[in-house]
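Undergrad: From first to last, the protein sequence lines stand for chains Z and Y. If you use the numbering used here, the first sequence closes out at 524, no skipped numbers anywhere. If you use the numbering used here, the second sequence closes out at 524, no skipped numbers anywhere.
Take these hints with a grain of salt, some might be off.
Heads up, the list lumps identical chains together, so a pair's fine if it works in one copy or across two of them.
[To be verified] Keeping only pairs whose Cα atoms sit at most 30 Å apart, straight-line, the calculated DSS-like set for lysine-lysine is:
#, residue 1, residue 2
1, Lys350, Lys134
2, Lys515, Lys134
3, Lys293, Lys439
4, Lys383, Lys293
5, Lys137, Lys293
6, Lys383, Lys134
7, Lys293, Lys134
8, Lys293, Lys210
Because the hints were derived from the structure by calculation, they are not lab data. Note that the coordinates shown come from a computational prediction; the quantities given were computed from them, not determined experimentally.
There are 2 protein chains.
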Amino acid sequence: MTDTAPSRTGAQSLVETFVNAGVDVCFANPGTSEMHFVAALDTHPDMRCILGLFEGVVTGAADGYGRMKGTPAATLLHLGPGVGNGLANLHNAKKARTPVVNVIGDHATYHRRFDAPLTSDVEGIARPVSDWVKVSKSADEVAADGALAVQAALSAPGQVASLILPADTAWNETRAGAKTRNETLAPTSPLAIDSTAVDDAAKALSSGAKAVIFLRMTLTEELLKWADRIAAATGATLVSDTFVGRTERGAGRPYAMRLPYFGEQAEEALVGTRHLVVVGGEPPVTFFAYPGKANELTPAGCEVHRLVPPNGDIQGTLEALAHAVGATSTAFRPVELELPSAPTGTLTPKAIGAAMARTMPDHTIVINESGTSGGGVEPLTRKARPHDWLGLTGGSIGFGLPAATGAAVACPDRKVLCLQADGSGMYTLQALWTQAREKLDVTTVVFSNRKYAILQHEFARVGAHNPGPKALSMLDLGNPDLNWVSLADGMGVPAERVDTAEGFTSALERALAYKGPALIEAVL
Amino acid sequence: MTDTAPSRTGAQSLVETFVNAGVDVCFANPGTSEMHFVAALDTHPDMRCILGLFEGVVTGAADGYGRMKGTPAATLLHLGPGVGNGLANLHNAKKARTPVVNVIGDHATYHRRFDAPLTSDVEGIARPVSDWVKVSKSADEVAADGALAVQAALSAPGQVASLILPADTAWNETRAGAKTRNETLAPTSPLAIDSTAVDDAAKALSSGAKAVIFLRMTLTEELLKWADRIAAATGATLVSDTFVGRTERGAGRPYAMRLPYFGEQAEEALVGTRHLVVVGGEPPVTFFAYPGKANELTPAGCEVHRLVPPNGDIQGTLEALAHAVGATSTAFRPVELELPSAPTGTLTPKAIGAAMARTMPDHTIVINESGTSGGGVEPLTRKARPHDWLGLTGGSIGFGLPAATGAAVACPDRKVLCLQADGSGMYTLQALWTQAREKLDVTTVVFSNRKYAILQHEFARVGAHNPGPKALSMLDLGNPDLNWVSLADGMGVPAERVDTAEGFTSALERALAYKGPALIEAVL
Chain Z
1 MTDTAPSRTG AQSLVETFVN AGVDVCFANP GTSEMHFVAA LDTHPDMRCI LGLFEGVVTG
61 AADGYGRMKG TPAATLLHLG PGVGNGLANL HNAKKARTPV VNVIGDHATY HRRFDAPLTS
121 DVEGIARPVS DWVKVSKSAD EVAADGALAV QAALSAPGQV ASLILPADTA WNETRAGAKT
181 RNETLAPTSP LAIDSTAVDD AAKALSSGAK AVIFLRMTLT EELLKWADRI AAATGATLVS
241 DTFVGRTERG AGRPYAMRLP YFGEQAEEAL VGTRHLVVVG GEPPVTFFAY PGKANELTPA
301 GCEVHRLVPP NGDIQGTLEA LAHAVGATST AFRPVELELP SAPTGTLTPK AIGAAMARTM
361 PDHTIVINES GTSGGGVEPL TRKARPHDWL GLTGGSIGFG LPAATGAAVA CPDRKVLCLQ
421 ADGSGMYTLQ ALWTQAREKL DVTTVVFSNR KYAILQHEFA RVGAHNPGPK ALSMLDLGNP
481 DLNWVSLADG MGVPAERVDT AEGFTSALER ALAYKGPALI EAVL
Chain Y
1 MTDTAPSRTG AQSLVETFVN AGVDVCFANP GTSEMHFVAA LDTHPDMRCI LGLFEGVVTG
61 AADGYGRMKG TPAATLLHLG PGVGNGLANL HNAKKARTPV VNVIGDHATY HRRFDAPLTS
121 DVEGIARPVS DWVKVSKSAD EVAADGALAV QAALSAPGQV ASLILPADTA WNETRAGAKT
181 RNETLAPTSP LAIDSTAVDD AAKALSSGAK AVIFLRMTLT EELLKWADRI AAATGATLVS
241 DTFVGRTERG AGRPYAMRLP YFGEQAEEAL VGTRHLVVVG GEPPVTFFAY PGKANELTPA
301 GCEVHRLVPP NGDIQGTLEA LAHAVGATST AFRPVELELP SAPTGTLTPK AIGAAMARTM
361 PDHTIVINES GTSGGGVEPL TRKARPHDWL GLTGGSIGFG LPAATGAAVA CPDRKVLCLQ
421 ADGSGMYTLQ ALWTQAREKL DVTTVVFSNR KYAILQHEFA RVGAHNPGPK ALSMLDLGNP
481 DLNWVSLADG MGVPAERVDT AEGFTSALER ALAYKGPALI EAVL
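In isolation and in its complexed conformation, chain Z is listed as follows (with noise of 0.2 Å):
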């Protein structure tokens, strides 16, 4: 589009580069500084607006469609607090290098320098869990950084890109078109192949030593395949990231296994290796620093070699060190399905992992925020049929339910299962809402022990032994009890509790033959 385009408000403008550009999904909580961009949502039949009821069910939708798609959806941000409120989310979206695109409306720009109630610094706020941020200064720009936001998200490996409208830059009248899909697409590539840490890595590989190849990133089947071919080759171990943001997992799949969380199992787990193959980022360290305990999980006298950075050419790499140790015609190793017996008495995680081993149809996308029962499933689950895992990849709770939906909505198709602990779950509870009002299939199995299990197992463990009352009572999430059976009615979503096995492989047998949201309360 040239600038001669007819007047339309920058609002319009934006809307339509961002359906150019692919970007036709919108999560949003919108105030009066981004009522314009509501507006303009009408006018491009393509762009698909979703209400949350906080930002926080916006920004993790937002993350969990990104993972799923690989593009990312637009969130709708409402001034400092707004971003606040989905900082959150947006860091895990962060850690997990998800694409996303805020969309962050603030005061005009000749009403920022008044203190208004609502002023704030929002480029600060926004900055800290963002890749990318710009401020447009007229409706006349909004197209082009729009376009700029797109491709900041879309570089490699993903990023969180965050594009803040002064209000009057939205509504506006301006004749500079929307970008074309060819003008905005031309993210930024990633960096070359490295053939010296290649060379390095495939020597490393071949020496006969003890070896893990630590992978940090996405693990798409096809990445997994590479890998698994180089360590079948090499007899090196595959592990990945405790935290992953996706992968493809269960039958047909290769196997990596996953850094324990506690430091002295992950230790353990890397205990005697020689050489530490990186692929996607640093070293492994703790999730916490304990007193006297390592943070730092290299065992001494292991060598490390860096392969290829976040930002790298993580699939060309692979296959370049698979070439470098004669394995591109190394069979991969694929995970043969295997279906745990049904589970009977006691309701537990592993009760509860093996009936959604025997439930979930192929290609469920699991969402994982079980906290502490995720120890007991993730194993039960792990020669299922084919399914996509997502973690918690920034520690910051309050991430399943709305990853769920985002999920939801990148894959109308599938079947969305998302394992949620309470205690996290009550961060962000409002994404129910959402799943009601969109009939999005998502099956949430909540983890009902009813205390910050994690926190009960931390509090001895940083050397704080002997909690008293007080601390007891901050570990704690009865007195009372939550309800959520009454809690997801209260926002539309069916609901029922259950307390013994197979109570809960009934309820879930119902919940995934249904097409919507439904929500079993665990009572573990």
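Please build the complex by placing chain Y on the supplied structure of chain Z, with the hints as guidance.
TA: Okay, now just chain Y, sitting in the frame of chain Z:
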């Protein structure tokens, strides 16, 4: 205390310092990096710690507490994302000039350089909503830093102070003793009275030209009396900010007209004013800017007189001005008790206001986040029994339920009545659980109109007419309707739904007669 105190953890020295300084309530949502602070809570009998299931509850409660108490509560927040989740209500607290002390856990000093999942720019996230920020460097400095934080929070007129506590500064042992009350409580004094400004204002008010005294501070009865004596003696009109942190209001107190929210009405309220004497800030501007409408509200030809800045000696300045205009012995004009007649029929905001005015006991604390419904409630309660009225100072919605929680902790012998719009209520509904756990005496009225009514007004006001179906769906909370009775039940708060004036009146009477949390869903 001296530096030969018995060895203890940095966290213990901080808890003792806080209690010594009168900061003996901590609203908390801790994580692993805060476990030593949690452990330290039990080492001091006078520290009360209250769990919130989301950080927006924690910070909003601290705001409500600080507004009522005049001294800060502490919050306990978990790294950058924890601050993010609490940011919107800290924004409101900062705009209200509420004293708050945030304790923000971070990774251990030696762990911060790694890109662990929860690594973030904690300081960068805290700064935009803090008046004071400090990162503790070692356990030896934590007590002194805590004292500085309390001093900062108490500095006139009240500030948000954020102390970032890397985990090892909390868990390491120190012999640096806790700070005593005297060592802590030396907040910055307010600025001295500006006698030139007083003389200038006195001259303006005595000129006979139409004058407005514009009040931008906490409206205690005492300050209102001084302002009203001046107004009575000079013929000036008292106008307050649209959103005031706390107003002592109702029978027996002087009345200050509240500047209307919408710019046109605000302009109307100030039309013809020749002298605007501003107390505690800058002249008024509109909340948002709108195309083609004025955003500065001082009428053309009106002279602005800045009497005293927010951190000035407001009471002393008003007394000096009263002296200068000869009003020291002028009687203030108390509002006379006058209760509306019992409402009947259709349930409207005015009916709710009438029922409130008739039912509220003396010294009820009203938390007002009623949104568009407030326009009905506010005038009806103007002549009710004396009460406090806490407003949404920063425009960040999700203030009501948490602030009510904190106000009830601050004033356990007073009734708290929370007027909560449904859209904003959904932001931080988790506060209801804390009210149930702590058995707080809060009655919540949810104004269930099932829409973002303010946005339906604002959509047209910004000049974006004829919303299409997508725009309309962004402004509407129906499909499905929220069921607040179920939501409250899910968190242990008894609730009922009413849809007539008579039904509301009797529900309100029941709730106010009951000591403990209750919720009324008022379907409008």
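Undergrad: For every hint, state whether the structure bears it out.
TA: We went through each hint and held it up to the structure:
no. : hint             : result
1   : Lys350 to Lys134 : neither (47 Å within a copy, 45 Å between copies)
2   : Lys515 to Lys134 : neither (41 Å within a copy, 51 Å between copies)
3   : Lys293 to Lys439 : neither (48 Å within a copy, 41 Å between copies)
4   : Lys383 to Lys293 : neither (34 Å within a copy, 64 Å between copies)
5   : Lys137 to Lys293 : between (50 Å within a copy, 20 Å between copies)
6   : Lys383 to Lys134 : neither (45 Å within a copy, 50 Å between copies)
7   : Lys293 to Lys134 : between (41 Å within a copy, 27 Å between copies)
8   : Lys293 to Lys210 : within (24 Å within a copy, 72 Å between copies)
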